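Protein chains in written order, with my numbering: chain A, 1 to 212; chain B, 213 to 482; chain C, 483 to 584.
Please keep in mind that the hints were generated in silico from the structure rather than gathered at the bench. These figures come from a predicted structure and were not determined experimentally. Any given hint could turn out to be false.
Unchecked claim - For each label pair, taking beta carbons as the anchor points, the in silico distance ranges come out as:
1. Val-520/C to Gln-123/A: 22 to 28 Å
2. Thr-474/B to Arg-113/A: 34 to 40 Å
3. Gln-242/B to Gly-558/C: 40 to 46 Å
Unchecked claim - Pairs of lysine to aspartate or glutamate, EDC-like flavour, derived with a Cα cap of 16 Å:
4. Lys-271/B to Glu-281/B
5. Lys-414/B to Asp-361/B
6. Lys-368/B to Asp-32/A
7. Lys-481/B to Asp-406/B
8. Lys-548/C to Asp-571/C
9. Lys-548/C to Glu-259/B
Even for Gly, the Cβ is constructed at its ideal location relative to N, Cα and C.
Spelled out from the first residue to the last, the chains are:
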Amino acid sequence: MKKPILAAVAATAFLAFAAPATAQTAWGPGADDAAFQAMLRASFRERPGAPLTRLEQDPVQAFCSDPAASQSRAAAATAERLERENFAAVKFPADGQFLGDWRRGEAIAQSGRGLTWTDGANQANGGNCYNCHQISEAEISFGTIGPSLLGYGKLRGNTPEVQRTTWAKIWNSKSSNACSNMPRAGHMGILTEAQIKDIMALLLDPQSPVNK
Amino acid sequence: MKRRWYGAAAAVLALAFGGGLTAQTQEETQRGIEAYRQALQQGNPAELFEAQGEELWKKPMGPRNGTLEQCDLGVGPGKVAGAYARLPRYFADTDKVQDLESRLLTCMERYWGIDVQPVIDAAYTAPAKREIIALTTYVSGESKDVVVDVRPTHPKERAAFELGKRMFFFQGGSHDFSCATCHSEDGKRIRLQDLPNITERKGSALGWGSWPAYRVSAGQMWTMQWRIQDCFRQMRFPEPIYTSEATIALSVYMAATASGETMRTPGIKR
Amino acid sequence: MTSPMRIRANVRDGVVDVRVLMAHEMETGQRVENGRPVPAWFINEVVATHNGKTVMTAQWGPAVSKNPYLQFRFRGGAAGEKIAIKWTDNRGESRTDEATIA
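Please build the complete structure, drawing on both the sequences and the hints.
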């Protein structure tokens, strides 16, 4: 097990050096790109609300799907480039207003609905926030994949810089960390601009229970 | 029994509300949840499915009116004891790597003489899936407390392992999720649900070694295939086809990673 | 059509510990499927008999889970004797299964 990984890293490093633009993947025998793609094609079927196009990766997804390579030192430049590209794609609010209503934000943070084949198309998508983060103190059922956000605004303040950083993180988490586990809520069309403003308020509004 | 579960849940809530969310309180919350899970272990309704499955194993069925008693699950025709702990594996007669569920389909086709496509296409809650779910539960029970022994040696097993590993880390969909998003670190949770770290032996066994499992909240018996299907649903992927190559490859990756640990099947979950 | 119960009965120091798993849908009557309410259908009585004598009765309602598990203890049983469990549901259907005390 150890050996193939080392070999893979070495191969990746070499290739990355030779052709830094292409992210190379190196998996064990029988799992080359052609075999893997054939398996994907044969193994999944479309369901309403969950099309097969979900299996087509964008550059970030492709890069982060090979952790041995993406976490290697040789890949640092690629990671930075992907972060720059994703940051450039962040859409900041057109009206310059970053904060909505924290009460609505709490409801969005609670909801894990949307974009699965069992979700109807007629309901608003949720943010899935509590699945991974502690946010307000009252909600004890929270996940731990992401850091605690309790006191988020109280700790950082509600300055224009904090607003811009937080917006960029929520809109496109890969704008600051190429292989972040967090979905890109705005970039991928999971949440609307108005919904993200409400989440922003939940985190930054001094009246929000997050900051009490 | 009801009262005891309620008691455990109440204890969890009381602990959680009592002391704010200090590290210590969180630990106590965890212990409360653990106590609730142990209470569930006492009377696992999976036993009802095991009984049904055992009956089905011996009962003449289908156009061929045969039984599964000659079905070779990899440890010899008709042998059930310990078979699940050695699956998935390569089978020469089908020239494929098969998990328990796909192997049962082969045997249902061969000995019952039925067309298995409707079983593959049916929803997990549909009557067409009932028999294979009961059979899977029965066979899994015959590997309870048996050490997992899945060590890919055949080239097709080795390829399945590598493909499964690659699948495990494959990101896609609207949310950029892969299996690894939730299952590659120790001690993580979604909401209050503990997530096993499938990339290492003990964590993989917590996952692989506890399915099929009875899910109390839904009153349903879930096989590993169903568990994998619902993971992909929550990942916002399209639907993995029942017993498709990707699901079996993932199973090989999990089972091989869990090798050396012990099967706790059938399991019980909230 | 009813499915058999799984009954285990073990005696220790004259006290019999009985554990029973029953296969039953236990529909509450509150659930809606495809726009139509699913009628209530649940076990409303459980009776345990030992040597012709009732040792436990339980009145249940729709709050009990699907495929219920019941555990109780009684005094006076011995290994090799039989314990019988009978459930009756709100449709009037019933099922009795027996186990030997070990």
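Item to check | Enumerated hints in conflict with the structure, sorted upward | outcome: Hints that this structure does not satisfy do not exist here, as all of them hold.
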